[in-house]
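Asker: Here is how the chains run, residue by residue.
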Amino acid sequence: MEALTLHIDKRLISILEKVPDPEIPVLSVIQMGVVRNATVTGNKVLVKITPTYSGCPAMDVIAEDIIKALGEEGYKAKVDLILAPAWTTDWITQKGRDALAKYGIAPPLNATADKAALSGDKKLVKCTLCGSKNTRVVSPFGSTPCKALFQCEDCKEPFDYFKCLK
Amino acid sequence: MKENLYQYILEIADNCLILGQRLGELCGHGPNLETDIACTNISLDLLGQVRSYYQYAAQVMEDGRTEDDIAFMRMEREYRNTLLVEQPNTDFAFIISRQFMFDLYHYLFLKELQHSRDLSLSAIASKSIKEVSYHLRFSSDWMKRLGDGTEESQRRMQAAINTLWPYFEELFEISDAGKALIKEGIAVDTKGLKKDYLNSAREYLQEANLIMPEVEHFMKGGKSGVHSEHMGYILADLQYMQRAYPNMNW
Ligand SMILES: [Zn+2]
Numbered sequence: 001m002e003a004l005t006l007h008i009d010k011r012l013i014s015i016l017e018k019v020p021d022p023e024i025p026v027l028s029v030i031q032m033g034v035v036r037n038a039t040v041t042g043n044k045v046l047v048k049i050t051p052t053y054s055g056c057p058a059m060d061v062i063a064e065d066i067i068k069a070l071g072e073e074g075y076k077a078k079v080d081l082i083l084a085p086a087w088t089t090d091w092i093t094q095k096g097r098d099a100l101a102k103y104g105i106a107p108p109l110n111a112t113a114d115k116a117a118l119s120g121d122k123k124l125v126k127c128t129l130c131g132s133k134n135t136r137v138v139s140p141f142g143s144t145p146c147k148a149l150f151q152c153e154d155c156k157e158p159f160d161y162f163k164c165l166k
Numbered sequence: 001m002k003e004n005l006y007q008y009i010l011e012i013a014d015n016c017l018i019l020g021q022r023l024g025e026l027c028g029h030g031p032n033l034e035t036d037i038a039c040t041n042i043s044l045d046l047l048g049q050v051r052s053y054y055q056y057a058a059q060v061m062e063d064g065r066t067e068d069d070i071a072f073m074r075m076e077r078e079y080r081n082t083l084l085v086e087q088p089n090t091d092f093a094f095i096i097s098r099q100f101m102f103d104l105y106h107y108l109f110l111k112e113l114q115h116s117r118d119l120s121l122s123a124i125a126s127k128s129i130k131e132v133s134y135h136l137r138f139s140s141d142w143m144k145r146l147g148d149g150t151e152e153s154q155r156r157m158q159a160a161i162n163t164l165w166p167y168f169e170e171l172f173e174i175s176d177a178g179k180a181l182i183k184e185g186i187a188v189d190t191k192g193l194k195k196d197y198l199n200s201a202r203e204y205l206q207e208a209n210l211i212m213p214e215v216e217h218f219m220k221g222g223k224s225g226v227h228s229e230h231m232g233y234i235l236a237d238l239q240y241m242q243r244a245y246p247n248m249n250w
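Chains as they are written, first to last, in my numbering: chain A, 1 to 166; chain B, 1 to 250.
Same shape as in the complex, but just chain A (with noise of 0.2 Å):
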């Protein structure tokens, strides 16, 4: 279990980005920074994924829908799930945290700023309706174990926070 550094094979690219994530489906998986490494040795294909967190349920399904994806266009996959170096929020793309913004869910912010904004020291995480840093957490843990409910003291709006997970 070495330690991999991110290494996706130019070919495989623009397909592994029609990959959605089950549970957040406007990120693809290359997005989301689950797939870790991808090779190609004639028609065959080496995946290797990394779990967001270690109960993620969304795993088995990550795994079928890239092996399916490749072959559509003739690839023979296979995938691996590897655990080393751990996944962290650091590796969704700009792309991705774009994304889930307007999909209605906050970025996750560094570190030291995601303890502040959880435990409601200060105010840091940004509505994604209105754009107001008016917000306070309702709840550290939301409707996976990714997420905090947070809600906008100024529109009202409820919303999910990506927690920062370094």
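Hints are computed from structural coordinates only; laboratory data are not their basis.
Calculated lysine-lysine pairs in the DSBU-like style (CA-CA distance at most 35 Å, straight line):
#, chain 1, residue 1, chain 2, residue 2
1, A, K123, B, K111
2, B, K194, A, K115
3, A, K78, B, K111
4, B, K2, A, K48
5, B, K194, A, K122
6, A, K133, B, K144
7, A, K102, A, K156
8, A, K115, B, K191
9, B, K130, A, K166
10, B, K130, A, K156
11, A, K115, B, K195
12, B, K130, A, K10
13, B, K2, A, K166
Now the in silico label distances, taken between C-beta atoms and shown as ranges:
#, chain 1, residue 1, chain 2, residue 2, range
14, B, E216, A, P25, 53 to 63 Å
15, A, E72, B, E229, 55 to 65 Å
16, A, K76, B, T90, 47 to 57 Å
17, B, E229, A, K166, 34 to 44 Å
Even glycine gets a Cβ: it sits at the ideal position worked out from N, Cα and C.
With chain A's structure known, arrange chain B with the ligand on it following the hints.
Answerer: Here is chain B with the ligand on its own, set in the frame of chain A:
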């Protein structure tokens, strides 16, 4: 060596499985929506971690058993979890106190396990500790909120801590398998962690307006397979499907 490693993985994982099961019981029964969601999310994190451990245990043993067999097909005496995590969801004060006592241990433990010479264990630890730091934040926040809350909530928190405190020490007990693996640089020497745990717990408790109980006799047995009367009921629930429909699959 193989047998020791297998036993050691179970010691770590079974705590997560049984506590995950206890927290899962709260699904739809939490005191309010937010705590209900939080407890079940923590349960999901723990069960996710369990899967990684059991998959690794199955790989170590190479005897044809799968992660599911290890989770569902063992007898009570073969589970290695501590007595603390099988204690019932008496009321929310108990749930939070049990969680806090475990989370603090779990966090300190994983911090060390990250440096294990066993690369699979260190990878699981590095992954899990990110999740567990959120668990600890959740449980310690509630300790403060309730301990330093109303007279009633303070009284109930102190009662829960008094009842559960005799169970903390078993978390640090080192089994024979553990002893052998500490020498190899694989297992965590928890002896050194206990002082950190007590210092840290004392600070949290003080801030929560709670007193750390003085205990003379500590409860233990779970790590060697001798469980409390609660364990049979937990397993009856946990194993029901596999016992009723052997080898069933999703
Ligand atoms: Zn707003």
